[in-house]
Amino acid sequence: MELTFWNTTGFNLLLISVQFLEQLILTRVLLKTPDKKKACFFMVPYVMFLSALGAVQYLHGMFAHVGLNTLNQYLYILIWCAGLRFIYNEKWKNAIVTSALDIFLVFIIIENFTGFYLTRNYDLSVASDFWKYIASEVLQAPLITVFIAAILKRGKVGEAYRIFLSEEHEKRGWRILILLLPVIHSAMIYFVNEYKLLNNSNPVVSLLSFLLLYGIFSYVFRCELQKKQLTEQSASLRQQELYIQNLESVQRDVRLFRHDYKNMMSGMYLQAEEGNLTAVQNFISQMTDDFDRQVGEKISQMTQLGNIKIPELKGLLAAKLIQVQNRNIQCNLEVWEPISKICMPVRDLCRAVGILLDNAAEAVAGMKKPSFTCIFVTGEECTTIIVKNLVSHPVKIAEIWKEGYSTKGQGRGLGLASYRRIIASYDNVFSYTHEENGIFIQELKIRGGALNDTNLHM
Amino acid sequence: MIPIYICDDEKNIRKAIRDELEKEILIHDYDMQVVCDKEKPEELLHCITGHGNRGIYFLDVDLKGASMNGFLLGQEIRKQDPRGFLIYVTAYDNLAFETFRYKLEALDYIVKNNPAEMFRGIRNCLQIVHERTTGEHGPACEYFTVKFLDTVRHIPVDEIVFFETGHQTHRIVLHGLKERMDFVDSMQNLETQLGEKFIRVHRAYLINTEHIDHLDLKNRQIIMKNGEVCLYSRRIKETLLSIL
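If you're matching them up, the sequences are chains L and F in order.
Here our numbering is used: position 284 in the first sequence is 284, and no number is missing along the way.
Here our numbering is used: position 168 in the second sequence is 626, and no number is missing along the way.
I should point out that these hints are in silico values taken from the structure, not numbers from a laboratory.
Where a beta carbon is used, it is the ideal one built from N, C-alpha and C, also for glycine.
Mixed in with the good hints, there may be bad ones.
As the list claims (entries may be wrong) - Partial pick of chain F residues on the chain L-facing surface, computed with a CB cut under 10 Å:
1. Pro540
2. Thr557
3. Tyr560
4. Ile586
5. His633
6. Lys636
7. Val642
8. Asp671
Said to hold, decoys possible - Pairs of lysine to aspartate or glutamate, EDC-like flavour, derived with a Cα cap of 16 Å:
9. L/Lys396 x F/Glu637
10. F/Lys522 x F/Asp539
11. F/Lys537 x F/Glu563
12. F/Lys636 x L/Asp348
13. F/Lys522 x F/Glu501
14. F/Lys636 x L/Glu436
15. F/Lys605 x F/Glu563
16. F/Lys561 x F/Asp539
17. F/Lys473 x F/Glu497
18. F/Lys561 x L/Asp289
19. F/Lys498 x F/Glu534
20. F/Lys683 x F/Glu696
21. L/Lys262 x L/Asp290
22. L/Lys396 x L/Glu435
23. F/Lys636 x F/Asp674
24. F/Lys537 x F/Glu500
25. L/Lys396 x F/Glu617
26. F/Lys561 x L/Glu337
27. F/Lys561 x L/Glu312
28. L/Lys314 x L/Glu436
29. F/Lys636 x L/Glu435
30. L/Lys396 x F/Glu686
31. L/Lys402 x F/Glu534
32. L/Lys298 x L/Glu248
33. F/Lys676 x F/Glu696
34. L/Lys314 x L/Asp290
35. F/Lys695 x F/Asp674
36. F/Lys469 x F/Asp520
37. L/Lys228 x L/Glu312
38. F/Lys605 x L/Glu381
39. F/Lys683 x L/Glu399
40. F/Lys561 x F/Asp608
Using the sequences and the hints, build the whole thing.
Below, the structure is given as structure tokens:
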């Protein structure tokens, strides 16, 4: 068959579409599920442009040149980077790295992994070779992609990779290494193939480089991840210890109170015998007050806390309650119904709630009778967390989100800025901040359904 | 006139609340009136049916011998009068009231153990209702109604400074004088819903023209009266200049 610009473009339309889908599959593992509408919207110009370009390149024999070939990969990386920005709303610096990784993987899949059984290049002017080529690209390549995506998912590479991207102090070295992958890979093949570019591919080299890459990445990032998990776990453990200590102190108080109240009862018995009714009344009211003060408050707090069935969150709340108690601030915690699941990774949930509680405690500290309220409400559609406190001055709602804003001097005020950052990274989390009659209210709503479900799929 | 309803199973408490309310209405000349005080929740509901006005309700939480408690009664009342003022009167002060207050959007709860405290609470509630209904945004004030997941919020349109698109899909962030809220909607919808007072100055911003302070022509920014900054696109510049 004679290959002209038009029929080459036509076949390219098919091949590039398949390649686009492969990129989506890989990105899904690395980042998250794409916004389908936006993905389709981006796909049309993407496929048309690259198909035409590919046809020109093929007909001029540009793929045979190693330098041009590598440049071509970087062109794909740039365009796909724009795609990631558009489809996933990813930051530029994260989009470019992810794009490089995606394109690198897709290229070694379509150019190398599909060619293990080949002894020579396809000759596309021969019909049988041509159809074999098309079939391998359309059927075999997606299969291999799904397979590789599954490996990445099983190995929790995606999770580690997302942590790598969101790291506060970015690892610039690693980012640059990822960006250089296509060059390194092409150079490796170039040298192994003895300076001749056969099918501009060498499956064995590719496989080795893929495995090596996988090994390095999962080792380095897994180490990071484990370190992080370890510190978090030990923090959570400490918090849970506090919870147990608190329970034990309630028990101790009850024992003490029981002891006191026996003594007092015998006193009252005498007064009742004498018929001194006012003394008895006074005694009873004093005793109930004492009980409330000594044990009642703690018991009710512990019952509320007991309704939270997420260990990390329970630990955090217990720790915060003790913290504010030591500062003589009262926290009125209400958890009316048991809560066993909140559809947000528990690490970020705890960070967000911790910030809100710290903020409320900070705001009321120094007041005459400092107290704030924290309630958890479960509903069918979502879970609501509300933290509210009195404020002495009207709050400037527009200002409080700025990094470094604080009414209490310098070196503070990072809280709400990072609160917003946490919230902004979830599609199912909503916040409402308002002030009403001198009460500052923070509402956090987390839409239900299983994690990674419902609207992450939109 | 705002109708007031009372439901309590103890006769003397009912009377005490009613007397206090009537005295207070007389002193301050509030535009309110105690319409009925009932022992049974069914009777109260019957009383409300067909009234249609936004009312004030003083409800006992623990209604002895009745078919429903105060919270269920509150839910029933909400069905007929979604924007009424619910105030709970109760003997306990350690139940999860904040939770119910949130769920029923109750105005307040008053502890009735101490009569002096209770009366102070009642007076305070009336004052708040009075301020809300006549105060800064009178009855003619326009509200922007928004669904915030499982709740509905009403925000005075004049207090909205601007809307901005959020990072997440279909997310809008409302910037108000006293609030900031994210919700799901589209800019096109908001534009049609809010009318002329709001202009779409940028792909990502819909602003309340009354809150513009000045334009920063060099950086193509709009500085709002509360200090926040919005961007504007080139095509809208003429319109903006003609407004200011």
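Now the hints, each set against the structure:
1. Pro540: violated (17 Å)
2. Thr557: holds (5 Å)
3. Tyr560: Hint on F/Tyr560: holds, closest Cβ of chain L at ~6 Å, below 10 Å.
4. Ile586: Status holds, d = 7 Å.
5. His633: OK, holds: F/His633 within 10 Å of chain L, min 7 Å.
6. Lys636: holds (5 Å)
7. Val642: holds (8 Å)
8. Asp671: violated (12 Å)
9. L/Lys396 x F/Glu637: holds (9 Å)
10. F/Lys522 x F/Asp539: violated (24 Å)
11. F/Lys537 x F/Glu563: Given that 16 Å is the threshold and the Cα spacing comes to 13 Å, the pair holds.
12. F/Lys636 x L/Asp348: violated (26 Å)
13. F/Lys522 x F/Glu501: holds (15 Å)
14. F/Lys636 x L/Glu436: Cα-Cα ~8 Å, so holds.
15. F/Lys605 x F/Glu563: Status holds; Cα separation ~14 Å.
16. F/Lys561 x F/Asp539: Since the Cα atoms of F/Lys561 and F/Asp539 sit roughly 15 Å apart, the hinted pair holds (cutoff 16 Å).
17. F/Lys473 x F/Glu497: holds (11 Å)
18. F/Lys561 x L/Asp289: Roughly 30 Å between the alpha carbons, so the hint for F/Lys561 and L/Asp289 is violated.
19. F/Lys498 x F/Glu534: Measuring from Cα to Cα gives roughly 13 Å; hence the hint holds.
20. F/Lys683 x F/Glu696: Cα-Cα ~20 Å, so violated.
21. L/Lys262 x L/Asp290: Within the cut-off at roughly 14 Å; holds.
22. L/Lys396 x L/Glu435: Satisfied, since the Cα-Cα distance of roughly 9 Å is no more than 16 Å.
23. F/Lys636 x F/Asp674: violated (25 Å)
24. F/Lys537 x F/Glu500: Holds, at about 14 Å.
25. L/Lys396 x F/Glu617: holds (13 Å)
26. F/Lys561 x L/Glu337: Satisfied, since the Cα-Cα distance of roughly 13 Å is no more than 16 Å.
27. F/Lys561 x L/Glu312: violated (26 Å)
28. L/Lys314 x L/Glu436: Violated. L/Lys314 to L/Glu436 sits at ~29 Å, over the 16 Å cutoff.
29. F/Lys636 x L/Glu435: holds (6 Å)
30. L/Lys396 x F/Glu686: Status holds; Cα separation ~11 Å.
31. L/Lys402 x F/Glu534: Given pair L/Lys402, F/Glu534 is violated - Cα atoms ~43 Å apart, limit 16 Å.
32. L/Lys298 x L/Glu248: Holds: L/Lys298 and L/Glu248 sit about 11 Å apart, inside 16 Å.
33. F/Lys676 x F/Glu696: Judged against 16 Å, a Cα distance of about 15 Å means the pair holds.
34. L/Lys314 x L/Asp290: Distance ~28 Å between L/Lys314 and L/Asp290 Cα, so the pair is violated.
35. F/Lys695 x F/Asp674: holds (11 Å)
36. F/Lys469 x F/Asp520: holds (14 Å)
37. L/Lys228 x L/Glu312: This hinted pair holds, its Cα atoms lying about 15 Å apart.
38. F/Lys605 x L/Glu381: Measuring from Cα to Cα gives roughly 12 Å; hence the hint holds.
39. F/Lys683 x L/Glu399: Since the Cα atoms of F/Lys683 and L/Glu399 sit roughly 13 Å apart, the hinted pair holds (cutoff 16 Å).
40. F/Lys561 x F/Asp608: Cα-Cα ~10 Å, so holds.
The structure is inconsistent with the numbered hints 1, 8, 10, 12, 18, 20, 23, 27, 28, 31 and 34, although it conforms to all the rest.
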